[in-house]
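My request is simple: use the sequences and hints to build the entire structure.
So the chains spell out like this:
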Amino acid sequence: MRLIPDLGIRGINMDDRLLVIENLKIEYHSDSNVFHAVNGISFELGYKETIGLVGETGAGKTTTALAIMQLLPERTGFITDGRILFKGENIIGKDRAEMQKIRGASISMIFQDPLTCLNPLMTVGEQIKEALEIHKESIGSVEHIDQQVNQLFEMVGIPPARGREFPNQFSGGMKQRVMIAIALACNPELLIADEPTSALDVTIQAQVLNLMADLKKKINTSMIMISHDLGVVVKTCDRVAIMYAGEIVEIGAVEDIYADVKHHPYTEGLFGAIPDIHTKVSRLNAIDGLMPDPANLPTGCKFSPRCGHCMGICKTTPPGVWKSGSHSIACHLLVKEGDE
Amino acid sequence: MTPLFELKNVKKYFRVSGGMLHAVDDVSLSIPKAGTLGLVGESGCGKSTLGRLCIRLLEADDGEILFDDVDLRKLNKKEMHLRRTDMQMIFQDPLACLNARRNVFELISEPLTLNPYYWHKLSKPDITEKVVSLMDIVGLSKRFISSYPHELDGGRRQRIGIARALAVNPKFIVCDEPVSALDVSIQAQILNLLMDLQEEMGLTYMFITHNLSVVKHISSEIAVMYLGQCVEKATADELFQNPLHPYTKALLDAVPVPNLAYRDKVSAIRGELSNPINPAPGCRFALRCDNCSDACTQADFRLKDMGGGHFVACSLY
Numbered sequence: 009m010r011l012i013p014d015l016g017i018r019g020i021n022m023d024d025r026l027l028v029i030e031n032l033k034i035e036y037h038s039d040s041n042v043f044h045a046v047n048g049i050s051f052e053l054g055y056k057e058t059i060g061l062v063g064e065t066g067a068g069k070t071t072t073a074l075a076i077m078q079l080l081p082e083r084t085g086f087i088t089d090g091r092i093l094f095k096g097e098n099i100i101g102k103d104r105a106e107m108q109k110i111r112g113a114s115i116s117m118i119f120q121d122p123l124t125c126l127n128p129l130m131t132v133g134e135q136i137k138e139a140l141e142i143h144k145e146s147i148g149s150v151e152h153i154d155q156q157v158n159q160l161f162e163m164v165g166i167p168p169a170r171g172r173e174f175p176n177q178f179s180g181g182m183k184q185r186v187m188i189a190i191a192l193a194c195n196p197e198l199l200i201a202d203e204p205t206s207a208l209d210v211t212i213q214a215q216v217l218n219l220m221a222d223l224k225k226k227i228n229t230s231m232i233m234i235s236h237d238l239g240v241v242v243k244t245c246d247r248v249a250i251m252y253a254g255e256i257v258e259i260g261a262v263e264d265i266y267a268d269v270k271h272h273p274y275t276e277g278l279f280g281a282i283p284d285i286h287t288k289v290s291r292l293n294a295i296d297g298l299m300p301d302p303a304n305l306p307t308g309c310k311f312s313p314r315c316g317h318c319m320g321i322c323k324t325t326p327p328g329v330w331k332s333g334s335h336s337i338a339c340h341l342l343v344k345e346g347d348e
Numbered sequence: 002m003t004p005l006f007e008l009k010n011v012k013k014y015f016r017v018s019g020g021m022l023h024a025v026d027d028v029s030l031s032i033p034k035a036g037t038l039g040l041v042g043e044s045g046c047g048k049s050t051l052g053r054l055c056i057r058l059l060e061a062d063d064g065e066i067l068f069d070d071v072d073l074r075k076l077n078k079k080e081m082h083l084r085r086t087d088m089q090m091i092f093q094d095p096l097a098c099l100n101a102r103r104n105v106f107e108l109i110s111e112p113l114t115l116n117p118y119y120w121h122k123l124s125k126p127d128i129t130e131k132v133v134s135l136m137d138i139v140g141l142s143k144r145f146i147s148s149y150p151h152e153l154d155g156g157r158r159q160r161i162g163i164a165r166a167l168a169v170n171p172k173f174i175v176c177d178e179p180v181s182a183l184d185v186s187i188q189a190q191i192l193n194l195l196m197d198l199q200e201e202m203g204l205t206y207m208f209i210t211h212n213l214s215v216v217k218h219i220s221s222e223i224a225v226m227y228l229g230q231c232v233e234k235a236t237a238d239e240l241f242q243n244p245l246h247p248y249t250k251a252l253l254d255a256v257p258v259p260n261l262a263y264r265d266k267v268s269a270i271r272g273e274l275s276n277p278i279n280p281a282p283g284c285r286f287a288l289r290c291d292n293c294s295d296a297c298t299q300a301d302f303r304l305k306d307m308g309g310g311h312f313v314a315c316s317l318y
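Chains A and B, in that order, are what the protein sequence lines are. No gaps in the numbering here: position 255 of the first sequence is 263 in the working numbering, and each next residue is one more. No gaps in the numbering here: position 243 of the second sequence is 244 in the working numbering, and each next residue is one more.
The set of hints was computed from the structure by calculation and includes no laboratory data. Errors might be hidden in some of the hints.
Now the stretches of chain B that chain A is said to cover, found in silico as 3 or more residues with beta-carbon under 8 Å [as the list claims (entries may be wrong)]:
| # | segment |
| --- | --- |
| 1 | 176-187 |
| 2 | 205-216 |
| 3 | 245-253 |
| 4 | 256-269 |
Partial list, derived from the structure: chain A residues whose beta carbon lies under 10 Å from chain B [claimed, not checked]:
| # | residue |
| --- | --- |
| 5 | Leu-80 |
| 6 | Arg-83 |
| 7 | Phe-86 |
| 8 | Thr-88 |
| 9 | Pro-167 |
| 10 | Glu-203 |
| 11 | Thr-205 |
| 12 | Gln-215 |
| 13 | Asn-218 |
| 14 | Asp-237 |
| 15 | Val-240 |
| 16 | Val-241 |
| 17 | Thr-244 |
| 18 | Ile-285 |
| 19 | Gly-297 |
Pairs of lysine-lysine residues, derived as DSSO-like cross-links and limited to a Cα-Cα distance of at most 27 Å, are as follows [said to hold, decoys possible]:
| # | chain 1 | residue 1 | chain 2 | residue 2 |
| --- | --- | --- | --- | --- |
| 20 | A | Lys-288 | B | Lys-9 |
| 21 | A | Lys-56 | B | Lys-266 |
| 22 | A | Lys-224 | B | Lys-266 |
| 23 | B | Lys-266 | A | Lys-225 |
| 24 | A | Lys-270 | B | Lys-266 |
| 25 | A | Lys-288 | B | Lys-34 |
| 26 | A | Lys-288 | B | Lys-250 |
| 27 | B | Lys-9 | B | Lys-266 |
| 28 | A | Lys-226 | B | Lys-266 |
Here a beta-carbon is modelled for each residue, glycine too, at the ideal position from N, C-alpha and C.
Written as structure tokens, this is what we have:
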């Protein structure tokens, strides 16, 4: 009995779902090894909904995002199983030309480090214009591109006159605003934000998060927010998926993750490891050990070697799923309690 | 308590095209023995420059840097070299600051072979023994002794950085964003390690970070920097319970708290750091401040004692 693939599926009406990921498995191949980056994850995203993917380095968050964009490295990254349904259509296996029409127009992405994502030889105005020009057929407006560029600048809070400047003349926060303008240029239905504020200072991060929240309301886009910062996620997301070693170990509405008493031991570990700004603890509850090697994952529960509640069964059998309303957890401890 | 380490009116300007960049402008701080001073601020506020000035990796332009009542700036190169056994630094990115061609043994023993204080004092077996004990102290398994940095993960690399700093038995360590490059679960391990080491060895830390939750957790005292100046300093609890400077308030407000209760709190701070090159007189935060009055842009503000070890530089007080 292996229930993990069902973990993130709520069974809402098919018409309300913009994106459905079913049992997605992704491997990276090197000369000598196979790295299991994503091991059968499933979740769905409704229209206008924001889901947060939370986890540490190597949890498979960015790999999942790249798979949705079909941007996995061609020679080393392989989707070995599962489906990615965008508006009911499987986008795995679409050819390059088809994907190019989707990418940037229907699904777009904001990357972590705005400096490495902007072309240093083009003015920022040209770069926003480029996004509009590539997709001008599908969005159907050719005439007023310059005007649209100016509107985008105003929307993200940059004076349009600065469009003639180059990325190196912009601060980190301003560059990220440019990235947001490019990503939103064609009114995408799905926006993937991969650690959009991790490279920014806190006050600038607060500004960019406010901006993203405002824009999301204005243009009604759905969003996948990838972050390791539980504070950023609570501010931006409707639902949250906690990822560990390529699996979703817990998923639920924000209230389930932040206010419910039942949690996956890894989620508890994550919360315990952050020093809280409002309470004083003398010692942090660090999670012992390290992320497992993706080339050599433990059998059974992937978190078992680091888990304080590890039982015999955890080492041999992958856990089933405990469900309560919108809240699902894949852990033997809870399944054992006999709720389902 | 007499301070182990003291900065008095330290200044560092960099000459850049367009004028003088005021990286550190008239900063005075002191750290008691076995205490931790947290230095917080956003990028460009001069906190790393200040950390480097403390152990003379950069030379200050003006001011006094007192360690055990000795002005480090008056020491010549050789004297300073010997003094460095008392003060070390842990850097942010362990991959960038470890030589990729050296293995763990070579990396950790390097400070012992480089510092003239240890010349002719340690035999080869002594050094090996010392390295092994250091690895044990920082929680690195002995099997990694001949591994290279690229073979290890970020947490283990940072443990090498810490072992290197501890190799010469320092009293004072400048930690420059030691956990910023690490995942939260690993970050907690390293923070616990640093606090344990402090307790066991009586180390004194200057802890530089942009992460306010981390700085609150580890520091006894905190100084907030903005554009090269220290705008507020107080004990950790006092600063977080009763922040006085508008910048400190804005900074605390902007921290995303992983708690539903703070979900809808909107941070109101606007604008970005202004230009540190030839800054105008007056409060450097004035342009972003909601309480800004004419007085703010006319004269510089010095730290004012508000009682209980709480100092703030602002026209409101």
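Each hint, compared with the structure:
Coverage of the segment 176-187 of chain B by chain A holds in this model, with 4 residues showing a Cβ closer than 8 Å to a Cβ of that chain against a need of three. Under the rule that three or more residues need a Cβ within less than 8 Å of chain A, the assignment of the segment 205-216 of chain B holds, with 4 such residues. Counting residues of the segment 245-253 of chain B whose beta-carbon sits less than 8 Å from any beta-carbon of chain A gives 3, enough to reach three: the coverage restraint holds. Coverage of the segment 256-269 of chain B by chain A holds. Counting CB-CB distances below 8 Å, 10 residues qualify, and the rule asks for three or more.
The beta carbon of A/Leu-80 is not positioned within 10 Å of any beta carbon in chain B (closest approach about 23 Å), and the interface hint is therefore violated. For A/Arg-83, the interface hint is violated, the least distance from its beta-carbon to any beta-carbon of chain B being 22 Å, above 10 Å. Hint status for A/Phe-86: violated, given a least beta-carbon distance of 24 Å to chain B, over 10 Å. The closest approach between the C-beta of A/Thr-88 and any C-beta of chain B is roughly 26 Å, which is over the 10 Å cut-off, so the hint fails.
Because the closest C-beta pair between A/Pro-167 and chain B is about 13 Å apart, greater than 10 Å, the hint is violated. With a least beta-carbon distance of about 12 Å to chain B, the hint placing A/Glu-203 at the interface is violated under the 10 Å criterion. About 9 Å separates the beta-carbon of A/Thr-205 from the nearest beta-carbon of chain B, less than 10 Å, and the hint is met. Nearest Cβ of chain B to the Cβ of A/Gln-215: about 7 Å, under the 10 Å cut. The hint holds.
Interface restraint check for A/Asn-218: the shortest CB-CB distance to chain B comes to about 6 Å, inside 10 Å, so the restraint holds. A hinted interface residue such as A/Asp-237 counts as satisfied when its beta carbon comes closer than 10 Å to some beta carbon of chain B; here the least separation is about 6 Å, so the hint holds. Because the beta carbon of A/Val-240 sits about 5 Å from the nearest beta carbon in chain B, less than 10 Å, this interface hint is met. The interface hint given for A/Val-241 is met, as the beta carbon of that residue sits about 8 Å from the closest beta carbon of chain B, less than 10 Å.
Look at A/Thr-244: its Cβ gets to within about 9 Å of chain B, closer than 10 Å, so that hint holds up. The beta carbon of A/Ile-285 is positioned within 10 Å of a beta carbon in chain B (closest approach about 5 Å), and the interface hint is therefore held. Nearest Cβ of chain B to the Cβ of A/Gly-297: about 9 Å, under the 10 Å cut. The hint holds. Pair hint A/Lys-288 plus B/Lys-9 does not hold up; C-alpha atoms about 31 Å apart against a cutoff of 27 Å.
Annotation: proposed proximity of A/Lys-56 to B/Lys-266 holds, straight-line Cα distance about 21 Å (limit 27 Å). Simply put, A/Lys-224 and B/Lys-266 have alpha-carbon atoms about 17 Å apart, close enough for the 27 Å limit, and the pair holds. For the given pair, B/Lys-266 sits about 17 Å from A/Lys-225 by alpha-carbon distance, which is consistent with the 27 Å threshold. Restraint check: the Cα-Cα separation between A/Lys-270 and B/Lys-266 comes to about 26 Å, which is no more than 27 Å; the hinted pair holds.
About 23 Å separates the Cα atoms of A/Lys-288 and B/Lys-34, which keeps this hinted pair within 27 Å; it holds. At most 27 Å may separate the alpha-carbon atoms for a hinted pair to count; A/Lys-288 and B/Lys-250 meet this at roughly 19 Å. At roughly 39 Å between alpha-carbon atoms, B/Lys-9 and B/Lys-266 are farther apart than 27 Å, so this suggested pair is violated. In summary, the hint linking A/Lys-226 to B/Lys-266 is supported, as the alpha carbons are separated by about 20 Å, within the 27 Å threshold.
Comparing the model with each earlier hint shows violations of hints 5, 6, 7, 8, 9, 10, 20 and 27; every other hint is respected.
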